[in-house]
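Residue numbers (our numbering), protein chains in the order written: chain W, 1 to 230; chain L, 1 to 230.
The set of hints was computed from the structure by calculation and includes no laboratory data.
Note that the structure is a prediction, hence the values are computed from the model and not measured.
It is possible that part of the hints are untrue.
Each pair may be met inside one copy or between any two copies, as identical chains are not told apart.
Unchecked claim - Only pairs whose alpha carbons sit at most 20 Å apart, straight line, appear in this in silico EDC-like list of lysine to aspartate or glutamate:
id : residue 1 : residue 2
1  : K186      : E43
2  : K186      : D88
3  : K47       : D61
4  : K213      : E171
Protein chains: 2
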Amino acid sequence: MNDSTNKVAIIGGTGPQGKGLALRLALAGVSVVLGSRDPAKAEETAKALVTLLAEKDCQADITGLSMEDATKAAEDLVILSVPYSGHDATLTALAPLLVGKTLVDIVVPLAPGNPKAVVMPAAGSVTESAQLLLGDEIPVIGALHNVSAVTLNDLSRAINCDILVCGNDLEAKKRVMALIEKMGTKAYNAGLAESARCVEALTPILIRLNISKEVPFSHAGVRICPPDGH
Amino acid sequence: MNDSTNKVAIIGGTGPQGKGLALRLALAGVSVVLGSRDPAKAEETAKALVTLLAEKDCQADITGLSMEDATKAAEDLVILSVPYSGHDATLTALAPLLVGKTLVDIVVPLAPGNPKAVVMPAAGSVTESAQLLLGDEIPVIGALHNVSAVTLNDLSRAINCDILVCGNDLEAKKRVMALIEKMGTKAYNAGLAESARCVEALTPILIRLNISKEVPFSHAGVRICPPDGH
């Protein structure tokens with residue numbers, strides 16, 4: 001069941017978003033390696049997730065390593081799931097190890113102290129910022145910005161929303177979309193990296209709706225809908 | 001049925017988006033006045049829409065005037081639906097007539113010759129640009145950017161998507177949301193005017209999906225979805 005020839009790394013994999021993604025990917029039979037500044041914590045988290053999935057009769061392949069070793073272990077896709085404050089420093093450290101791989105950037109530049117707003121980097125978006133930092137040889141794909149960690153971690157429900165995926169390298173984007181669709185949700189090609197200016201900024205709008213009392217649910221997502229509305 | 005004490009103006013009302021909005025609003029019993037640079041064309045369009053709705057047993061109140069007279073005739077809400085190229089000039093001309101009213105800006109700054117991209121104005125978005133131009137005394141609310149003209153004009157179907165509404169004046173925003181919901185769709189408070197940077201930029205992403213062959217439908221919209229995904 002596990003496809004260990006296509007191991008995916010999740011950098012910042014011990015946070016809520018990273019853990020939720022690890023669970024969903026492992027459930028779909030993908031081998032996952034969590035990368036953390038604290039390799040012992042990564043290993044401990046990986047074991048806890050494997051135990052949790054064993055209760056669901058899933059033989060998950062999730063391991064934990066340092067950020068550097070996790071990046072090296074990835075076959076192609078390296079998902080970056082760190083707080084925005086650590087985004088550039090983490091990428092700078094990992095850049096040499098990312099050559100020949102694809103970065104999946106899921107980071108949203110939420111305003112410090114205000115999750116209902118973003119402060120976009122000078123490049124326009126985090127995805128564009130990462131692409132500038134890594135250079136054109138390493139494709140950067142923005143994705144998974146709008147799905148809440150709570151949704152990802154609640155395995156009693158399917159993922160409630162579609163995933164908008166953007167980036168300048170079409171082939172890399174297709175590989176990321178294929179990975180996302182393994183989790184049972186729909187991925188849409190949202191265009192070039194500059195679309196991340198929109199997609200990243202959707203997150204605080206959803207957070208606002210979740211916080212407000214106007215909406216009869218929390219953890220809102222977005223769906224692309226056809227003319228009949230369903 | 002018609003609520004003529006609450007007449008709404010649609011500036012640029014003879015274009016596809018304006019006509020579709022006029023039809024939907026009039027069907028909901030709202031009095032509409034179309035404003036055009038060519039008042040004769042506005043009047044002719046208004047008559048055609050009234051005839052079309054009469055076939056659906058709807059006694060619509062739609063009239064046509066010059067942009068200036070339509071703005072004056074509006075009780076409160078003035079919807080601006082002109083191509084982006086004419087946005088600032090139109091607003092500058094109408095600004096003195098907008099005092100005491102609320103501008104509903106639905107304009108998307110699509111890139112010239114490329115509807116799959118936006119070129120955002122220096123203010124960040126068209127909504128913010130309009131607010132700067134009009135000054136703080138005239139509330140500007142951004143809305144209805146993501147619903148296609150084809151969808152609006154196809155009265156055989158309900159509007160397929162939710163409407164994200166943003167602006168700095170909460171009371172004005174609530175009035176606009178109430179108007180939108182008369183058309184049988186759901187309006188969400190997407191936050192302050194700066195959210196328009198995201199909401200306006202969603203439109204070219206949807207246009208890209210419509211143009212691409214990856215999506216099994218055209219005229220895509222977005223819906224906010226709860227955790228169960230429906």
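Hint check results:
In the homo-oligomer, the alpha carbons of K186 and E43 never lie at most 20 Å apart, since the shortest distance is 30 Å inside one protomer and 45 Å across protomers. For the homomeric pair K186 and D88, neither the shortest alpha-carbon distance inside one copy (29 Å) nor that between copies (39 Å) is at most 20 Å. In the homo-oligomer, the alpha carbons of K47 and D61 lie at most 20 Å apart inside one protomer (10 Å), although the nearest pairing across protomers, at 67 Å, exceeds that limit. Within a single copy, K213 and E171 get their C-alpha atoms only as close as 42 Å, which misses the 20 Å cut-off; across copies the closest is 16 Å, which meets it.
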